[in-house]
Every structure is written in structure tokens, then in C-alpha cells.
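Listed below, chain by chain, are the residues.
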Amino acid sequence: MLNIVVCIKQVPDTTDVKINPKTNTLIREGVESIMNPFDRYAVEEALRIKEQHEGKITVLTMGPPQAESILREAISMGVDEGVLLSDRAFAGSDTWATSYTLANGIKVLGKFDIILCGKQAADGDTAQVGPGIAVHLNIPQLTYVKKIEKIEDGKVTVERLIEEGYEVIEASLPCLMTVVKEINEPRIPSLKGMMKSKKAEIKKISAADLDVKAEYLGLDGSPTQVVKIFSPPQRQKGEIFEGEVSDIVEKISGVIKGIN
Amino acid sequence: MDYLLTEEQKMMQDLARKIADEKIRPVAKELDETCKFPYEAMKVLADSDLFGVYLPEEYGGFGGGVFELCLVTEELSKACGGIAVCYAASALGTLPILIMGNDEQKKKYLPDLASGKKLAAFAVTEPEAGSDASAIQTTAKKEGDHYLLNGMKHFITNGEVADTYVVIAMTNKAKGARGATAFIVEKGTKGFTFGKKEDKLGIRASATSELVFNDCKVPAENILGKEGMGFIATMRTFDISRPGVAAQALGIAQGALDLTVAYAMQRRQFGKAISSFQGIQFMLADMATEIEAARALVYSTARMIDAKKGNVAGVSAMSKMYASDVAMKVTVDCIQVYGGYGYMKDYPIEKYMRDAKITQIYEGTNQIQRNIIAANLLKESRKK
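Those protein sequence lines, which keep their order, are chains L and V. At position 136 of the first sequence the residue is numbered 136 (the working numbering), and the sequence of numbers has no breaks. At position 10 of the second sequence the residue is numbered 10 (the working numbering), and the sequence of numbers has no breaks.
Be a bit skeptical, because a hint or two may be false.
Claimed, not checked - Below, simulated BS3-like cross-link-like pairs (lysine-lysine); rule was C-alpha separation at most 30 Å, straight line: (1) L:Lys56 x V:Lys18; (2) L:Lys181 x V:Lys36; (3) V:Lys272 x L:Lys150; (4) L:Lys196 x V:Lys10; (5) V:Lys272 x L:Lys196; (6) V:Lys226 x L:Lys237; (7) L:Lys146 x V:Lys18; (8) V:Lys43 x L:Lys199; (9) V:Lys196 x L:Lys192; (10) L:Lys18 x V:Lys272; (11) V:Lys226 x V:Lys118; (12) V:Lys308 x V:Lys107; (13) V:Lys117 x L:Lys199; (14) V:Lys308 x L:Lys181; (15) L:Lys228 x L:Lys22; (16) L:Lys56 x V:Lys43; (17) L:Lys199 x V:Lys10; (18) V:Lys117 x L:Lys50; (19) V:Lys18 x L:Lys50; (20) V:Lys107 x L:Lys196.
To be verified - Computed footprint of chain L on chain V, listed as stretches where at least three residues anywhere in the stretch have a Cβ under 8 Å from a Cβ of chain L: (21) 5-14; (22) 43-49.
These aren't lab readings, by the way, just hints derived from the structure by calculation. Glycine is no exception: its CB is placed at the ideal position from the N, C-alpha and C atoms.
Could you put the whole structure together from the sequences, leaning on the hints where they help?
Listed below in C-alpha cells is the structure:
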């Protein structure tokens, strides 16, 4: 019987992201919020572990009240329970404060054996929160996992994606794993799961429920300050000249002369 | 238009749409080309519980009806008419058991069909018995506690891939249509084999096969209803299954129009998107209107069937005939909007036209539908 916690995040649908060129902030109006695509693989992997080893899966997210929808989505896929960490005090957290808060949320949930995260979030792209949670909990971390080979005798053996292939490593439980999309193909929810998820009760945890230092939370607890977000300047379209070499040379020299 | 769906119906529709977009659309072209049966898509539909939307809860279904079946079929058909019909044809093979079966037969067969663990097929058509179902040649002769089936069926959707077949055979040829009987025949029964698999114009991912019966021994307890009720079973099944074909046609038409609107907005000629030309706009407007009219008719018919109110034969035939005629017209016009590109297999639109054509033919040609509509019209008028 394994207790599995999956940390997931609600992000704007990245196929649709636009940045306001004046304020350099994300235009959130009319942009659908979805479960971070990498987190779906973590949820799927948790379900597969449970199918093989028995256990209980809890999905955890930190975010505003509307983040509840991704918890319900995970429940519709087959997860047992959803927990929402939500408090104004958490607002403005960077990756350090986020992983601190999530780690303390996990402690409140009780005993755990495996924590799963997507390799990174599609909005911030930092890949820091998963490892951060492991550090705050003082447990081993296995990042970029592409395959779980086995879980037995309190140990897990995984294949971990590295630049020139993969490495096989082993860690003792409890541990945290971040997974890459090569690990599985996330399932589509079932109708029974969807109906269950509608009625499921979402457990809510606020700052007061956690054993944390207030100065480590939210914007105040975040050592990283975002100075500026901007869209990179659009690259100008290139021009392709076709035809005889002599003609091309003439055209190119014409362009160069035009610039001068 | 808002059809005031319940939360559960919206959920089924959303789920079917998700599966259509993520699991069906990406494989539609390949399966059309290779004629490979969509086993993986069927497994996804089974795992997501969609095979049971129209079946009673006591048999593992969701307690919906024909309307729910139509909602799912329509969404799947938007992505691929061929894959969608594998789903819908299983429902066609299940419906006779649902409406004519006794408790034991329902308990035995419906749970596996509701879960999608097994597929069903309905076998009426023979080479000499198409629109004229009374000309069926397959015979069933009683011998003790079983019947011996001999003969063949052809053009059977889900033939060979299905596990559970409802087969119409003559137990008394002298009585004509009244001598037909419906049998449940399981795949693997001795004397039951499969013949030619058809190579079709459209819906090519689906399997269409011959069924061959050679002294096939079927237990007497597998009769649906009673001896001689095969023709009634067939008519009653078609009365409630036709909106399913209509929903398939509707999905094909809507799927084609969605692609065509997107194409018209992106295709530029004379320095403008072709969607800015009135000639194109009028075509799009007509298509959208006809599809919506078809949808209103199909949904109303399905809801009327589920409410078990009155004689549905006429409206059921109307929904099938109208939606399939709309699908054919719309898909032909969609190719016209695509122009030369639409004629090429590199673009997805020609497949919609090929898939649409069958909806005017099967489960009763549209000419037979007109017969049914007229017969009901005149019958009602005589009553007045």
C-alpha cells in the first residue's frame, strides 16, 4: 500500500498565450486555464503505480479557488482525493516559496511514499518546484524520469533522461520524482470518473493549517523578484532569392547597397 | 443553438468530443487508407464508459437513451464517420436485445455490451434481401432444443469483429415476413464463419463482412421474442436506431463544415481570404442552416423516442432521411469551397463526402424512408 502525492498546477493554455506589448504581462482574459500538460503524465504514472501496487493517490495544488477544476479533472482520471492549498498569503510566491508551501502541505496530509510532479510547468518553465519540494522535505529527488522500472523493498529504480541517453538510478522511499512526457500516455477520463469528480469533496488547506513561518510565504517569502517580463522582438522574415547565381548575386548586392 | 442539455449529457458530449479530437482524428486518415479496424479507439471508448450511455443502469449502463447515443455518435462522426459507425453499429446490434430480449437474455448479453468489452452487430441484409427484408433466404430449422441456421448475410457492419450477433432467419418461409425470427448468435458458435470483407467507398475503417451459417446450432433460448417475430423486431429496432444514423450524418456534415469554415478564412485569392466573398459566404450560410435544421429534427426525434410517446416510425424515418441528405449535400459543397485542393487526398475533406454517402443508403435507403413517411402520413390522415 503506497501513499502517492501528485503535485499539479493550473496554467494558461499555452497554445493560446498572448502578452500585452505595453505592460509586458500575460493577457489572461479569455485564455482557458488547464492542468499543466506535464502534470498529466505525473497523474497517469501515479494511477499506473496504484494499479500495480495498491495505494492511495492524492493530488495537491497551490493556487486560487478556481484551481479546484484541475483537481476534479485528476479525480475524473481516477485519483482518490484532491487537496487545494489556497490563501491570499501564498500570492506572489516564487519557486522557493511555492515549494516550501507545497512541502508543508504534504506534511499535513500525513505519511507519503512517493511524490510525483511534472518536469516543469508550461507557464514558468523553471523545473524548480519539484526539486524544491524534495529539498524542503529532505528526501531524495529523481528528476526527468522516463520510466519507473520497479518499486520494491522500499526502493524505486528508474530510468532518468539525460542529454545523451538515460541513466538507471535507484533511490529509497520516500522520494520525489519529476516525470517527462516519454513516460506514458495519459488516459482519457471515464464517464464514471467524471460523475464522481463532480461530487467529490475537495479538501482545502490555508496558511493557518500549516506549520510554517509567515515570512517564508508569498511575495515576502520569495527571494526571486521578477523585474520585467517581455516578448522577445519578432524576428524579421528572411527573403529567398531564386534563379541563376549571377542574378542572385546582383539582387543581393542591390539589397546591400540599398541598406548603405 | 442551445438544446438545453442536462449536465450529464454535456459531460458525455464533452468526453466524446475529447476522444474524437485526441484519439480518433489523428488516426482517421491512416485507417481510411489501410481499412484497419479501430481496435484502439474502441478500447478508449470502452474505458471511458461511452458504450453504455443509452443502456439501463441495471445492466451497467448510464440510464440514458437514444438521445445520449445520438450525442456521442455525432461527436465521434465529426472526426471520422468510419470509426464512429463501429461504435454506432454495436448499438444497432444491442438494441434488439434491449427491446425484445427477456430478462435472462438481457442479463447475459447487455453488461458486456454496455462496458464495451464486446461489440454487437445486426444481421438482416442478404444479397437478394436489401430493401425487401421479406426476401430473406437464411433458414432456421428447429431440432429439439435448438435451431440449425443455414445461409448467409452480407454487408454486415461489425461483421467478424463483433462478438454478439442478432441474426434474422426464416423459420417458416411460407409465411413470408411473418415467418422471420430473430436469433442471438455468438461468435465462435460451430458452423458460424465469416466470408468476404468488403472494400468500400467510405467508412473504410469499419468492418463490413459476410456471415456464413452452415448447420450452425443455436439454442432455442436465443430467440428474441417468439418465433415469427423477427420482422417486427427488425422494424422496432430500426424505428429507434435511425436517429443514430441521422446523428452520424449530422456529425459528418458538421465536421466537414467546421473544416471548411476554417479553410475559407485562411485560403487567400485575389488578395483576400475567400471567406470574404459573398459566393462562399452564401454557401457556408446555407450549409450551417441546413445542418442546424437537421440537428433540431434529430434531437427532437430522439427525445420523443426516449419519452416513449406515440408512433415514432415516421419521424424516425424523417430524421434519418433529412440528415443524411443534408450530409451529402453539405460534404459535396464543402469540397467545392476547397476547390482543387478539396479533390485531393492530401486534404481531409473528400473523405467526408465518401463517408456521408452511406448514410443515405444503410438502415433503409432514403427511398424506403420516404415510403415509411408516406405510409404513416396516409395512415394518420385516414384516422381523422
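Checked hints:
no.	hint	verdict
1	L:Lys56 x V:Lys18	holds, 27 Å
2	L:Lys181 x V:Lys36	holds, 28 Å
3	V:Lys272 x L:Lys150	violated, 59 Å
4	L:Lys196 x V:Lys10	holds, 15 Å
5	V:Lys272 x L:Lys196	violated, 50 Å
6	V:Lys226 x L:Lys237	violated, 75 Å
7	L:Lys146 x V:Lys18	holds, 26 Å
8	V:Lys43 x L:Lys199	holds, 26 Å
9	V:Lys196 x L:Lys192	violated, 39 Å
10	L:Lys18 x V:Lys272	holds, 25 Å
11	V:Lys226 x V:Lys118	holds, 25 Å
12	V:Lys308 x V:Lys107	holds, 23 Å
13	V:Lys117 x L:Lys199	holds, 27 Å
14	V:Lys308 x L:Lys181	violated, 49 Å
15	L:Lys228 x L:Lys22	holds, 12 Å
16	L:Lys56 x V:Lys43	holds, 25 Å
17	L:Lys199 x V:Lys10	holds, 16 Å
18	V:Lys117 x L:Lys50	holds, 23 Å
19	V:Lys18 x L:Lys50	holds, 25 Å
20	V:Lys107 x L:Lys196	holds, 25 Å
21	5-14	holds (count 4)
22	43-49	holds (count 4)
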